[in-house]
Structures are given as structure tokens and as C-alpha cells.
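Enquirer: Chain by chain, the residues:
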Amino acid sequence: MRLGNPTMLASGILGLSAESLGNIVMAGAGAIVTKSVGLKPRNGYANPTIVQTSYGLINAMGLPNPGITEFVKEIHEAKSFGVPVIVSVYGFSAEEYATVAKKAVDAGADAVELNVSCPHVEETGSEIGQNPKILAEVVRKVKASVEKPVFVKLSPNVTNIAEIAEAAAKAGADALTAINTVKAMAIDTETTVPILSNKKGGLSGPAIKPVAVRCVYEIYERVKVPIIGCGGITNWRDAVEFLLAGATAVQIGTAIALKGPNVFKKIKRGINAYLRRKGFKSVNEIVGLSHCS
Amino acid sequence: MRLGNPTMLASGILGLSAESLGNIVMAGAGAIVTKSVGLKPRNGYANPTIVQTSYGLINAMGLPNPGITEFVKEIHEAKSFGVPVIVSVYGFSAEEYATVAKKAVDAGADAVELNVSCPHVEETGSEIGQNPKILAEVVRKVKASVEKPVFVKLSPNVTNIAEIAEAAAKAGADALTAINTVKAMAIDTETTVPILSNKKGGLSGPAIKPVAVRCVYEIYERVKVPIIGCGGITNWRDAVEFLLAGATAVQIGTAIALKGPNVFKKIKRGINAYLRRKGFKSVNEIVGLSHCS
Amino acid sequence: MKLWAYHIAANKLRTTHILNIETESPTVKIFTFEDKQCARAKPGQFLMLWIPSIDEIPLSILDAKENGMVSVAVKKVGEATSAFHKKKVGELIGVRGPFGNCFTLKGGRILMVSGGTGTAPILFLAERLASKTAKLVFVMGAKTREELLFMNRLRRILGGEKTQLIAATEDGSYGIKGLATKPLERLLEKERFDMIYTCGPEQMMRKVFDLAEKHGVALEASLERLMRCAIGLCGSCVIGRYRVCKDGPVFTAKQLREVKSEFGISKRDFNGRKIAL
Amino acid sequence: MKLWAYHIAANKLRTTHILNIETESPTVKIFTFEDKQCARAKPGQFLMLWIPSIDEIPLSILDAKENGMVSVAVKKVGEATSAFHKKKVGELIGVRGPFGNCFTLKGGRILMVSGGTGTAPILFLAERLASKTAKLVFVMGAKTREELLFMNRLRRILGGEKTQLIAATEDGSYGIKGLATKPLERLLEKERFDMIYTCGPEQMMRKVFDLAEKHGVALEASLERLMRCAIGLCGSCVIGRYRVCKDGPVFTAKQLREVKSEFGISKRDFNGRKIAL
Ligand SMILES: Cc1cc2nc3c(=O)[nH]c(=O)nc-3n(C[C@H](O)[C@H](O)[C@H](O)COP(=O)(O)OP(=O)(O)OC[C@H]3O[C@@H](n4cnc5c(N)ncnc54)[C@H](O)[C@@H]3O)c2cc1C
Ligand SMILES: Cc1cc2nc3c(=O)[nH]c(=O)nc-3n(C[C@H](O)[C@H](O)[C@H](O)COP(=O)(O)OP(=O)(O)OC[C@H]3O[C@@H](n4cnc5c(N)ncnc54)[C@H](O)[C@@H]3O)c2cc1C
Ligand SMILES: Cc1cc2nc3c(=O)[nH]c(=O)nc-3n(C[C@H](O)[C@H](O)[C@H](O)COP(=O)(O)O)c2cc1C
Ligand SMILES: Cc1cc2nc3c(=O)[nH]c(=O)nc-3n(C[C@H](O)[C@H](O)[C@H](O)COP(=O)(O)O)c2cc1C
Ligand code: FES
Ligand code: FES
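Residue numbers (the working numbering), protein chains in the order written: chain Z, 1 to 293; chain L, 294 to 586; chain A, 587 to 863; chain B, 864 to 1140.
Source of the hints: derived by calculation from the structure; they are not laboratory data. Where a beta carbon is used, it is the ideal one built from N, C-alpha and C, also for glycine. Where hints are given, some of them may not hold.
[As the list claims (entries may be wrong)] Looking from chain A toward chain Z, a few residues come up when the C-beta cut is under 8 Å (computed):
1) Lys598
2) Thr601
3) Asp641
4) Ile643
5) Gly680
6) Arg682
7) Cys815
8) Gly818
9) Val824
10) Arg827
11) Asn857
12) Gly858
13) Ala862
[To be verified] When the alpha-carbon atoms are kept at most 30 Å apart in a straight line, the in silico DSS-like pairs for lysine-lysine are as follows:
14) B:Lys899 x B:Lys928
15) A:Lys598 x L:Lys559
16) B:Lys899 x L:Lys493
17) Z:Lys259 x A:Lys840
18) L:Lys574 x Z:Lys200
19) Z:Lys266 x A:Lys832
20) L:Lys492 x B:Lys875
21) A:Lys840 x Z:Lys265
22) L:Lys561 x Z:Lys199
23) L:Lys552 x B:Lys1137
24) Z:Lys199 x A:Lys672
Turn these sequences into a full structure, and let the hints steer you where they fit.
Expert: Next comes the structure, spelled out in C-alpha cells:
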């Protein structure tokens, strides 16, 4: 899979409709990742599904999605935008992951990203991404059923992310995305109740960037597969920091709310200007460079 | 142990000298926790030991401390300030924890807090706080050697903090402090090197508050021992949020750099005004209140 | 960094007490509360209103006063709005916002068309705009007489010579019998308008749009879609390539032409699937 | 919230290129670079200078110009300062700051006493203050003639009638033979001063302080302690109840009286233990 530039849309951000994915491509993204899609439709949780904190967002959407059968037409349409389309997939069993992944690839997905790290839906997400054995089985089943690259999106809510990364890589993951949101919550002091209808959710945005950089750095020390950095990137400096830590590409989510979709264009240009100024010929030359020191 | 008010100084903040602890008492803290002290002196890491990020700090001091034998005189002096003195203790084995704790209590400590969660020193801290079995042994050994309350300071860098909390509680912990810093790092893009001399460190301050609140909430759901909330508290609303989540007291660290030592007084007053306005008679009435909804 | 921190912080949820409740119709109540930020809102903007432990719903801003007072008109249609209707003065609600863009404030010859609670933002607009217009015709539709909203306030603005208030009820209990779009055809044939502002049921707005296109009149319509984040991130509210919460809720005729296959026809469900309106 | 975000952000590490290097003495070099924030520093403030992959050390600000240029004078004493001395123009360094408080800018009859690189902040002060003083006497000490710093710049400020420059070298190779404190006793007996400013080796400053106390003259001294965080959090830099990085580095005679048992006598080591100076 080749990217025109190392920026991608993160999963769950405007990723439910092909047309809004198209907008993100127009805004400069090198690839797009869809909202996580499962076997059956899900309505997600009641509002509030998002809390705006001072330095990030906490969300517990509850994986709303129309199910893969319905979603196939959005994948078809998204294929026309000329950048790789990565379909994010979740399931409640290894078989479900494999079934959904296969349907996504049959519909034209250039890769699938396994969401094994959603911090707020039970029985999928974290329960899988926090357990190297279960995770390995999911990855193997998906690898056996699709011929396209399989990315695994990792959770930071683990004792040792490098260990989980290694399990995914050994099971055949073609790339690792790090990180999904950090489990968090907010309570309103006046009403004394948790704000999110689901109570707990996942923190994204600038607040988690130092945690995400550390995760990428630790994974790079341990495994050889490409890493896609994600978490709190809002400008080109943040993106370069992830590349230096060991990521070969980056995903951007919350920054779209902070700076608008053109953040992709700005980051892309900023990275290029940086490479030129520093005399590097390509992104590859700086991937993992901070480990040399 | 009785507190005049539910605010305490967090460990490692100005906690190496009795006189600066005295200053914090003057500034309104209801109790003070010392810097973590071990059996032998440690110089800590070379600078940079701290990175100022936009929404918090990343530190890797490397546990500089003069060792418990030398520190005894600071404990003696700190006793004169009229608030409980909690000595934070670390060790490289259960025996070491017990030895240091005993010396601290003999010197007058009103309680000890076991630092089993330092994210940047190998073989102590996280390695212990991330493993329920090892942690339980440390707690049991310390409990067997001192007659004062034993607090256990938990790491957020675990898959399931409630499980660790339960192990500590079952082993006899009298209270649980949550949380220590979140493992993080920062890389300078111009020089392409990690900034901290230790490369990785721990994130504190406003950025981690939503994570800390979630940890306290999860622990409260699982164990019955008192919880001391810590992480990113900078104003009374933050403090109340922790109390509602299940904490009976709070610790404050990074906010001292942001708002000065008088942050204790302001938070104490703010909590009192809140209780009065809402018709609560004491802090106890709001501890864990958000769980009722 | 500083700016974005401000940006997120500026929209943070805050709680406030309900200060006044008025019954506007059998199904609509007006709630007033203080909120400095929403008090700076412009006509067309909306807020997210949190009914603690129940739901958070988008509501158009009806009034935003310099003294910090903000009002919303809420129609009881389901769980959240029913729970809201049960609230008493003094109870706490949460507010985020204001969100979205606003109507342009055009002078000249203006036609406004509203239906149901869609009247709220149009009334807000009319009150700000009335003194600047050469002509102002306001067409409002409702099922029945007692569901015609804000009639007193509208009569106050529309008392002058160059103004006109036309009401239509489906059951004919007041004004013209039929839909709000009924008097429009004749109005547009008879008179030249510089701008049509509309908010209400989307099928109604679609008809207004088709008429405006036919007569070559500029138009701005305020749309509704499922709102979750309200900050342009989650994609729940999309119509075509637009996010209603961020690129809207007010759309121009030009934009609506782009989304003709959806506007007045379909929307996205809670799970993101397109369903008929 | 907004303010603190600013506060932390304002002090974030940034990298900048060394623009100029001058050799001031066999052991001291002056480095100049651009840094908008430190360029607003006042005399007495310091910055944290990062030598990438090596160390981060506190340095007094020597010059802070309106055009954004900042200078520091660095004496080679160990690993970090040696690595710094090896840097060339164009290489990158990191900067945090400015930190700490500053000297008060008193007019009247002023006595300044400096030793070694402690001359840097005092020179900065002298340049800002010279035009406002009724009398300005500057006493500088060094081991030997070639370690007397900034003599040319000092002569420029201290050329006037109401000014005086007194140099003392331990080996007598220039000026008075002996410590900088030697000429002080006579000066203080002969003349009345409104304020003494001092920076240099702490034992020297202690002597200056004792003399000032004896003669009842106000004094401000800039202290050095082990700096790590520089933002008043880690406690590495404490003297008595004060944090040198935040409550200092400039202390008044009144404050120094409180810490008499430590000032010029002991400091805290890397592990926090008190050791003799
Ligand atoms: C920009 C905007 C402005 C609005 N302004 C007003 C107003 O001024 N006054 C007013 O009474 N109503 C307004 N609404 C509609 C109002 O948000 C819904 O009536 C309310 O959410 C219904 O909630 P419920 O739980 O009572 O009903 P439910 O039974 O949950 O839903 C009834 C219908 O309301 C809509 N709805 C439900 N939840 C949402 C949601 N989160 N976002 C959008 N629509 C939803 C759906 O179409 C649903 O079928 C506005 C909606 C939008 C998008
Ligand atoms: C507020 C302040 C202002 C200063 N201004 C200047 C100045 O303008 N010019 C100048 O040359 N020097 C200045 N210093 C001293 C300078 O920071 C030290 O010389 C330098 O840190 C030595 O580092 P090193 O690795 O070369 O030496 P090392 O061999 O590591 O240490 C030599 C000695 O330097 C001191 N030192 C080392 N690290 C630190 C540290 N992190 N913080 C404080 N002291 C330390 C200790 O006393 C140590 O014994 C200042 C110090 C402070 C606290
Ligand atoms: C509103 C919202 C919805 C999200 N939905 C998904 C999802 O469906 N699948 C997934 O893998 N990650 C999801 N995420 C996580 C993001 O893809 C990303 O990992 C995280 O937000 C960190 O990146 P950021 O700080 O750039 O937003 C979601 C995040 C947000 C804010
Ligand atoms: C500079 C610094 C040093 C710290 N040292 C220690 C320590 O020695 N022992 C410990 O248990 N925690 C230590 N901590 C963690 C704090 O006690 C606290 O758990 C953490 O900073 C989160 O709280 P805050 O956001 O209020 O700072 C340190 C934190 C900082 C910023
Ligand atoms: S409501 Fe989330 S993008 Fe509009
Ligand atoms: S250097 Fe940390 S408190 Fe002064």
C-alpha cells in the first residue's frame, strides 16, 4: 500500500459516510480509515456521547454503525477518491472479525484495521486488545480470510503495550496502529453525576499525545512491523515527533474539531518543509530516528 | 488518622526538606506526603528531568533522595507542623520496603505510602505495582513491620487498576492512592532526540485528570478501603470531582507549579463553599456520590 | 496550542439553573436560563442541552440577551423532551455551545417561512432583522391554532406597514387552511423577494426551496440532523459532504442544490444508515 | 484553566541556533542566540539551557535585547559546560525560561559586588541601572587578571564621575590583591550606600551580607542551588523554606537572615542531603 503522504484520517471521525470521507481526502489526507463496522447495525449509546475537556475529548459513542452489509456501498463509493481506503472492523468473536473483514475486502477495502481497543464497548475492543492470546487468534483468523494488509489498532490501557504489539505481529499483523483512546471519565460537580451516558469513555486529543508517543517508541523497540502513530496530533511538529518515535505514518482525529479538516494539508506541508529544511530525502529517513541517540 | 481538610501534598513535590513541607502546611494542606525515600541515597537522573508540555509535565527525576537514615531528621522536624506526616517509601524488594517503612514510622511518620508505581525507575515502582502477587507480598511485609496505616500508591499504567487495588486491599492496605503519573515521553523534533535524559517519564497535571478520575471510580466500585485521589487537580471543582468519584481525600502536585502553594487554601475553601451551598454537612456525604446515579 | 485549548474549553459543558418556564402551546415550553457564552449567539446557532442522567439534545437558540439570558423553545416529542418538560424552575441543566453558523443578516425584501419549533430561530432572526428590512413577510404553519407559536411576539415585530404575518393551519382553525407552503406560490408570483429564510419540517423546507429555485430567489434554510458531538467530529449529522453541526445548520440554496438527493428526502439514522425522512 | 495552560506552554522547551560565540576568558565563553521569551527577561532572571543528549543547566541571563537576542556567559567547570564550550555557531541548543524573580531597580547610591560568572547578572543590572544611579561602585573579584570578566563593557558604563570600578585578583595580577570583599570594609566605612547588589561564590556573598548587616545597608543577592524543574515543584533548589528557582534566585537581606544557617554554609546535594559548601 502506497500513501501519497503519511497522514491518515483516524477511525470513527466522520467515517460513517463516503461523502464525508471524500471531504477529508480533499482536505489532504493520504489515506482514510472508516468508522469501525461490525456484523450487525448498532445504534450506539444515548447522548451525552462526548465530553469536551480542557485538553481533549472524552467519547463513548458506543460504536454506532450500520453493519457491514449496509456499509458496503459506502466502501464502494469511497474507493473513487483515489487514496487507500482502510476499513476499521470490530467483532464479538474471532469469526465475526474475519467475516466482517472479508466483506470489507470484497467490497474493495485496501486494508482492514482491527479495532481491538475500544475502551467503552464490552466484549469487543479492549477485552481483545488487552489479551495477547485472544488477540493473536483474532489476527490469525482475519489473516486467513483476507488477502489485504491487516492493521491492528492497539489500546494504551494495558500494562505492557510492546508485549501486545509483539503478539499481534507474530500472529501476522501487517501494521500496528497506536493508540486508541485512553480510558477516562468526567463527573459534573453540580449535578454529581457522570456526564457520559456510558459513564466511562476514551480520552483523545492533545492531552494524550505524550502517552501515544511513548507507546509508539516502546513498540518500535520491540517489533519490526510498520507502526501508524495516532493520538493528539494537531500540527506537523506532533506528526514528526511520532515519525521520530518510530511511526511510518500518522492518523489524525480530534484535531479536525480543533483546526478543521485542512489540518491534513497543513501537516502534510509542514512535514515536507521540515524534511527539506533538514536535508532528508523522504519520511523513511526519519522513521525511528530518535532511537539512534 | 484525622485530616483538618481533605487536601494533601503529593509525593515528590517539594518533599525532600522539612522546611519546604512546612511551607505547604502553611499554605493550607491537611497532610503532607514526603518525597519517596529508599534504603540508600540516590542521586536521580541527569537533567533534563522534566519536560513542560502544553497540558502537563513529564518528569523522570529518578527518585533522588538521601536515603531513610539521613531522612529521619527531616521526618522529625516535619512532625512539628501539626498535620499528619506520611512518608513515601520505595524499595527494591519486599524486605527493603519493610525496613524503610519501619525506620520512617520509628522516626514519627503517621503513615507510610508505598510507591509501587514510579514509571521510570527499574525494579521498583511499576514492576511491583503492575503485578498483584508481588504487590501483595510487599504490602503484607510492610504491614507486619509497622503499626501505622499503610497506603499503597497505584499506577495507572496497568490493564486493570481495580484488580491491583483489590490485591493491595486484601493484603492489608489501609488506603489506596490513585494515581501516580502516566508513562509518557517527548521527542524534540529539531534535534530528533528524546528530551528527558531517561527518555521516558511520567505525565502529571491537567492532562491526566480524566484518567485519574476514571481510576478512582473503578477502584471505588471494587474495593472498600479509602481512596486518596491524585492526578491533575488544580481547583476545587477538580477536587470535588475526585470526591464524587469515590476519593475521601485528594493529593495535589503539579498544580503548585501552575498556581503556587496557596492552591491548597483555595481548594480547601472551594470545597467548603461547595458543601455549604449544596447543603452537605461534611466531605463524607459526597464521597462516591456519583455512583448513586 | 493556546487557541485550541481555548476553543475546546470555550465549549465545555457547564450547568445552570432553569430560571423561567413558560407554556407556549400544549406541546411547547420555553425555558430560560443564564449562560454567558450562548448569550452571544447569533440567530440560527444552536446549543446542546444536557438533561442530567437522561440525554443531551440540540436546540435552536430562541433568545440570547446581553444580560446573559438565553431561551429555548422545546416541543415534547420523546423521552428527553418529556423529561425536560417535567423540570421545574431552579433545577439544573447542562449547556454546551453555541454551535454552528448563523443566518446572514440581509436587508431588503425578506420572506420568512417557518413551521413548528422551527419558528424559534426564525423569530430570533426576525427580531434582529426587522428594523433593517424594506419589506418583511412572515409565513408560519402549524397543525392547529393552538400550536401556532410566538404569535404575540410576532405581531409586535410585524405590526408595521411594510410587514405581513400570514398563518396557516392544517385544520383551518386559524388563518389559511393548509400547509405553510400554500400561500407561498402566490406570494412569490406577486412580489419580488431578496431572500427567503426558512426553518421547520424538512419536507416543508424542501418545498420552499423548490419554489425559491423556480422563482430565482436566494434562500437560507436551517436543517436538523442527529447530533452527537456537535463539534464536527463524529459524523452523525452529515448531509452529503456537509456536517450540519459545523458547516450548518444554516445552508444556502447553492449548498442545498448539492444535496438535493437527500434534502427533504432522507437522513441518517442512529446507526448511520440512510432512512427516508 | 486557560491561564495555566498558557503558563506551562510559555515555558516550554524550544530549540534555537547558536548565533555567536565569544571567548571572554580562558574558561568563559559568551553564547548568543535568539529567543523571544528570554529576550523579555529582567536582570537576575535565569534560563534553563539544554545541551541536547547531555544535560540541562541553569544560566543567568547576561543580555536580553529587544531584537530577541539573548546571551549567557558560561564557565567551563564540568561535563555539561565543557560540552557547551565545544559547540559551534549554528548548532542547536534548547531553552526554557526566563525563570525566577529579578533584582529591584533601585536608584540612589549603589554598590555592586560580583565574583566569577556571577558578574553576568550584575553587569546586566548595571547596564539597565547605571543612568538612574546617584553613585555606582562596582567591585569585581577573580582568581587572576585574565579571569576578570567584561572589563571593557564595565569600563564603558563606569566611565562617569559618579562611578567607580574596583577589581580584585587573588594573585594580585590586576587591581587589589585579595578577595573582592577586601575593598568593601573600607568602602562601607567611608561612604553611605542605599543598596548592595551581589552575585558570585556563596562564601563571598555571605561575607558581603555580613558586612552589609554590620553597616545597616540593604542588600540583594542572587543565589545558586541545584536546579531540576526550575518551576518550583521538585524541591531540588531549596534553601530554608525558599525555592531558589521560584522565590529566588534574588533574595533580600531580610530573607537571607531567615536562612543564615545555610547561606554561605551548606547546600543540598543531588540526593537532597545537606552538604557543606
Ligand atoms: C440543529 C437542531 C435544532 C433543533 N432545535 C429544536 C428546537 O428549537 N426545539 C425543539 O423542540 N426541538 C429542536 N430540535 C429537535 C430536538 O433536538 C429533538 O426533538 C429532540 O432531540 C428529541 O429528543 P427526544 O428524546 O425527546 O425524542 P426521541 O424520541 O429520542 O426522538 C424523536 C426524534 O427527535 C430526533 N432526535 C432525537 N435525538 C436527537 C439528537 N440527538 N439530535 C437530533 N435529533 C434528535 C430524531 O429525529 C428522533 O426521531 C432541533 C434539532 C436540531 C438538530
Ligand atoms: C540560578 C543559577 C544561575 C547560574 N548562572 C550561571 C552563569 O551565568 N554562568 C555559569 O557559567 N554558570 C552559572 N550557573 C552554574 C551552572 O549552572 C553550573 O556551572 C553548571 O550546571 C555545571 O554543569 P557541569 O555539568 O558543567 O558541571 P558538573 O561537573 O556537573 O557540576 C559542577 C557543579 O555545578 C553545579 N551544578 C551542576 N548541575 C547543576 C544544576 N542542574 N543546577 C545548578 N547547579 C548545578 C554543582 O554545584 C556542581 O557541583 C548558575 C547556576 C544557577 C543555579
Ligand atoms: C468521536 C470519536 C469516535 C471514535 N471512534 C472510533 C472507532 O469507531 N474506532 C476506532 O478504532 N477508534 C475510534 N476513535 C479513536 C480514534 O480513532 C483515535 O484513535 C483517538 O481519537 C486518538 O487520536 P486523536 O487524538 O487524533 O483523536 C474515536 C475517537 C473519537 C474522538
Ligand atoms: C516532579 C515530580 C516528582 C514526583 N515524585 C514522586 C515520588 O517521588 N513518589 C511518588 O509516589 N510520586 C511522585 N510523583 C507523582 C505525584 O506524586 C503525583 O502522583 C502525580 O504528579 C499526579 O498528580 P498531579 O497531577 O497533581 O501532579 C512526582 C511527580 C512530579 C511532577
Ligand atoms: S454531531 Fe458530530 S459531526 Fe456533527
Ligand atoms: S528546581 Fe525544582 S523546585 Fe526549584
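Enquirer: Hint by hint, say whether it matches the structure.
Expert: Hints, verified against the model:
1. This hint holds: A:Lys598 has a C-beta 5 Å from the nearest C-beta of chain Z, less than the 8 Å allowed.
2. The interface hint given for A:Thr601 is met, as the beta carbon of that residue sits about 4 Å from the closest beta carbon of chain Z, less than 8 Å.
3. Because the closest C-beta pair between A:Asp641 and chain Z is about 5 Å apart, less than 8 Å, the hint holds.
4. For A:Ile643, the interface hint holds, the least distance from its beta-carbon to any beta-carbon of chain Z being 7 Å, beneath 8 Å.
5. Interface hint status for A:Gly680: upheld, as the beta-carbon distance to the closest one in chain Z is roughly 7 Å, under 8 Å.
6. Hint on A:Arg682 holds. Least Cβ distance to chain Z is approximately 7 Å, under the 8 Å limit.
7. At a threshold of 8 Å, the smallest CB-CB gap from A:Cys815 to chain Z is about 5 Å, leaving the interface hint in force.
8. With a cut of 8 Å, the hint placing A:Gly818 at the interface with chain Z holds, because the nearest CB-to-CB distance is about 6 Å.
9. Using the Cβ-Cβ criterion of 8 Å, the hint placing A:Val824 at the interface with chain Z is satisfied: the shortest such distance is roughly 5 Å.
10. Residue-level restraint check for A:Arg827 holds (minimum Cβ-Cβ distance to chain Z is 4 Å; threshold 8 Å).
11. Because the beta carbon of A:Asn857 sits about 4 Å from the nearest beta carbon in chain Z, less than 8 Å, this interface hint is met.
12. Annotation: A:Gly858 was flagged as interfacial toward chain Z, and the flag holds, the nearest CB pair being 4 Å apart, inside 8 Å.
13. Annotation: interface hint on A:Ala862 violated; nearest CB of chain Z at approximately 15 Å, more than 8 Å.
14. Proposed proximity of B:Lys899 and B:Lys928 is supported: the alpha carbons are some 9 Å apart, at most 30 Å.
15. A hinted pair counts as satisfied when its Cα atoms are at most 30 Å apart, and A:Lys598 with L:Lys559 qualifies at roughly 22 Å.
16. With a C-alpha separation of about 29 Å, the suggested pairing of B:Lys899 with L:Lys493 holds against the 30 Å cut-off.
17. With a C-alpha separation of about 25 Å, the suggested pairing of Z:Lys259 with A:Lys840 holds against the 30 Å cut-off.
18. At most 30 Å may separate the alpha-carbon atoms for a hinted pair to count; L:Lys574 and Z:Lys200 meet this at roughly 29 Å.
19. For the given pair, Z:Lys266 sits about 20 Å from A:Lys832 by alpha-carbon distance, which is consistent with the 30 Å threshold.
20. This hinted pair checks out: L:Lys492 and B:Lys875 have alpha carbons roughly 17 Å apart, not beyond 30 Å.
21. For a cut-off of 30 Å, the pair hint linking A:Lys840 to Z:Lys265 stands: about 26 Å separates their Cα positions.
22. Taking the CA atoms of L:Lys561 and Z:Lys199, the gap is about 27 Å. The hint holds against a cut of 30 Å.
23. Proximity of L:Lys552 to B:Lys1137 is assessed by CA-CA distance (about 28 Å); at most 30 Å being required, the pair is judged to hold.
24. Taken as a hint, the Z:Lys199 and A:Lys672 pair is honoured in the structure, with Cα atoms around 24 Å apart against an allowance of 30 Å.
When held up to the earlier numbered hints, the structure conflicts with hint 13 and nothing else.
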